[in-house]
Every structure is written in C-alpha cells, then in structure tokens.
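In my numbering, the protein residues as written are 9 to 137.
Source of the hints: derived by calculation from the structure; they are not laboratory data. Any given hint might turn out to be false.
[Stated by the list, open to error] The list that follows gives simulated cross-link-like pairs (lysine-lysine, DSS-like), each with its CA atoms no further than 27 Å apart:
#1 19 / 87
#2 47 / 103
#3 32 / 15
#4 39 / 15
#5 47 / 19
#6 103 / 77
#7 122 / 47
#8 87 / 15
#9 19 / 85
#10 32 / 85
#11 39 / 103
[Unchecked claim] Restraint ranges, calculated between C-beta atoms of paired labels, are given here:
#12 128 / 80: 11 to 21 Å
#13 16 / 37: 11 to 21 Å
#14 98 / 121: 12 to 22 Å
#15 97 / 121: 37 to 47 Å
#16 121 / 31: 25 to 35 Å
Everything numeric in this text was worked out from a predicted model, so none of it was measured. All C-beta atoms in this analysis are idealised placements derived from N, C-alpha and C, irrespective of residue type, glycine included.
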Amino acid sequence: MSLVNIKDYFKEAFLWNESISIGKIDNNQEKAICFYPSKREISKINRVGGKQNAKYNLIPITILLRYTKNQSLAEAKAKEIYDFFDERSFLMNEKRIFVITHFNGPIWLGTDEKGVYEYSFEFDLYEER
9 MSLVNIKDYF KEAFLWNESI SIGKIDNNQE KAICFYPSKR EISKINRVGG KQNAKYNLIP
69 ITILLRYTKN QSLAEAKAKE IYDFFDERSF LMNEKRIFVI THFNGPIWLG TDEKGVYEYS
129 FEFDLYEER
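Sequences are here, hints too, so could you generate the full structure?
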C-alpha cells in the first residue's frame, strides 16, 4: 500500500472533487487536501521469528486540509474527514486495512497568510499481510 493508493481510495470513497495531492499541498487553492508520510516517531515492532511472521504492516500518515475562509465550513469538513477515517476498516489490493486515530479529532492549525483555515490529521493504517 502506498500514499497513492490511500489518496486514490479517499478520493473515490469520500467523493472528494477538490485539489488532492501527495507531499505538497496546493497553497493557491482554498479547498485542498494532501497526504504525507508521517514524521511521527514509531517504535519498531519486533516479531518473534522475524518479519516473515508479521501479521500486518504499519503505515503512519499525516493529512493536511485547507478549506475555505469560513471557520464553520472548515471545521465541519475537517470533522467529516476525521469521521470518515476514524476506526475505518476497508479492503485495498485484496488486503484488509484498519485505521487507528491518534487524536480525538482534527488538529486545528489556524489560518494561513491568505486566511484559509487548515487542519491536520494523524492516522496509522494497519495493512494485513
């Protein structure tokens, strides 16, 4: 599973029709979302018998949302995206994916220099092997 797979899944399942990217958000758009590999430190998962005995792979991701200059609309869309991913289970490439959230909601980042509201999300995706 890659960030491209995750982005494409979100775009189709959530019905996202705005700007969507990986690694760099389009700051010229008032409605945009971007998927990043997470910078959070993740402890190494030790497996008895080595990697071949692993039951899952862990993929930590960060999502950045830019959404309008209207705080109410931005907050509602951030909550909707958080709820979409929160404890979600789905199939991707014939493998079960389960999502664990790290916070009790979207992380409010304030506004950028243009007054567009921004939120981030931290998720761990567990992919069965």
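Checked hints:
no.	hint	verdict
1	19 / 87	holds (16 Å)
2	47 / 103	holds (25 Å)
3	32 / 15	holds (13 Å)
4	39 / 15	holds (15 Å)
5	47 / 19	holds (23 Å)
6	103 / 77	violated (39 Å)
7	122 / 47	holds (26 Å)
8	87 / 15	holds (18 Å)
9	19 / 85	holds (14 Å)
10	32 / 85	holds (20 Å)
11	39 / 103	violated (31 Å)
12	128 / 80: 11 to 21 Å	holds (19 Å)
13	16 / 37: 11 to 21 Å	holds (19 Å)
14	98 / 121: 12 to 22 Å	violated (36 Å)
15	97 / 121: 37 to 47 Å	holds (39 Å)
16	121 / 31: 25 to 35 Å	violated (21 Å)
In this structure, the earlier hints numbered 6, 11, 14 and 16 are contradicted, and the remaining ones agree with it.
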